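Student: Sequence:
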Amino acid sequence: MDMKFHSLDDKEADGKELIIAIIGAVYKGKWIFVRHGERDTWEIPAGHREKEEDIDSAAARELFEETGALEFEITPVCIYSMKEDGIRSFGKIFYAQVERLGKLPDFEIDEIALFADLPENLTYPVQRQIFKRLAEARKSI
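Letter 112 of the sequence shown, counting from 1, is numbered 112 in UniProt numbering, and no numbers are missing.
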């Protein structure tokens with residue numbers, strides 16, 4: 001799987017349909033990771049954009065659905081693309097500073113946890129690259 005990061009105004013990503021929002025979220029100085037109900041591994045909160053939704057709205061919705069975040073500031077970090085089986089798809093990475101968490105909504109996420117750094121047991125190996133990009137962005141936000 002080939003992953004590339006693009007600036008928010010990168011011409012290669014311009015006009016491409018952004019289908020997935022990935023949200024690196026921090027609460028009380030620690031990163032929020034989520035555990036899907038069907039897995040025993042950790043993930044960065046993320047999700048697909050709905051049909052009539054823009055990617056920024058999708059990021060805010062997914063952050064709430066996956067973490068229970070009620071108050072937060074969300075900032076776009078970059079566009080990313082992944083090439084799998086010869087097809088390149090695009091998405092957007094966000095950083096969120098969460099001020100208040102509520103009850104975890106009854107969706108597919110069973111648990112959230114706070115980590116000072118990247119947990120070892122990740123669902124997707126590519127999350128290491130994504131986390132590194134988020135950690136770099138956090139320094140300048």
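Calculated from the structure, these hints are not laboratory results. All values reported here derive from a predicted model rather than from experimental measurement. Some clues are possibly wrong.
As the list claims (entries may be wrong) - Calculated cross-link-like contacts (lysine-lysine; reagent style PhoX-like; alpha-carbon spacing at most 25 Å):
#1 K103 with K28
#2 K139 with K4
#3 K139 with K51
#4 K16 with K83
#5 K16 with K51
#6 K51 with K83
#7 K51 with K11
#8 K28 with K132
#9 K83 with K30
#10 K4 with K16
#11 K103 with K30
#12 K4 with K132
#13 K132 with K11
#14 K4 with K103
#15 K83 with K11
#16 K139 with K28
#17 K30 with K132
Student: Need the status of pair K28, K132: alpha-carbon distance at most 25 Å?
Tutor: 19 Å, holds
Student: Is the Cα-Cα distance between K83 and K11 25 Å or less?
Tutor: OK: K83 and K11 at ~17 Å, within 25 Å.
Student: Would the hint linking K16 and K51 be met if the CA-CA limit is 25 Å?
Tutor: 15 Å, holds
Student: Taking only the CA atoms, is the gap from K51 to K11 under or equal to 25 Å?
Tutor: 24 Å, holds
Student: Between K30 and K132, is the straight-line Cα distance small enough, at 25 Å or below?
Tutor: It holds: about 15 Å lies between the C-alpha atoms, which stays within 25 Å.
Student: Taking 25 Å as the top limit, are the C-alpha atoms of K132 and K11 close enough?
Tutor: 23 Å, holds
Student: Given the hint that K4 pairs with K16, does the C-alpha gap stay at or below 25 Å?
Tutor: Holds, because 14 Å separates the two Cα atoms, which is no more than 25 Å.
Student: Hey, K139 versus K51, does the alpha-carbon distance stay inside 25 Å?
Tutor: 33 Å, violated
Student: Holds or violated: K139 and K28, Cα atoms, limit 25 Å.
Tutor: 16 Å, holds
Student: With a cut-off of 25 Å on the C-alpha distance, tell me whether K103 and K30 pass.
Tutor: Holds, at roughly 18 Å.
Student: If you draw a straight line from the CA of K83 to the CA of K30, is it 25 Å or shorter?
Tutor: 31 Å, violated
Student: Tell me if the straight-line CA distance from K139 to K4 falls inside 25 Å.
Tutor: 21 Å, holds
When each numbered hint is compared with the structure, violations occur for hints 3, 9, 14.
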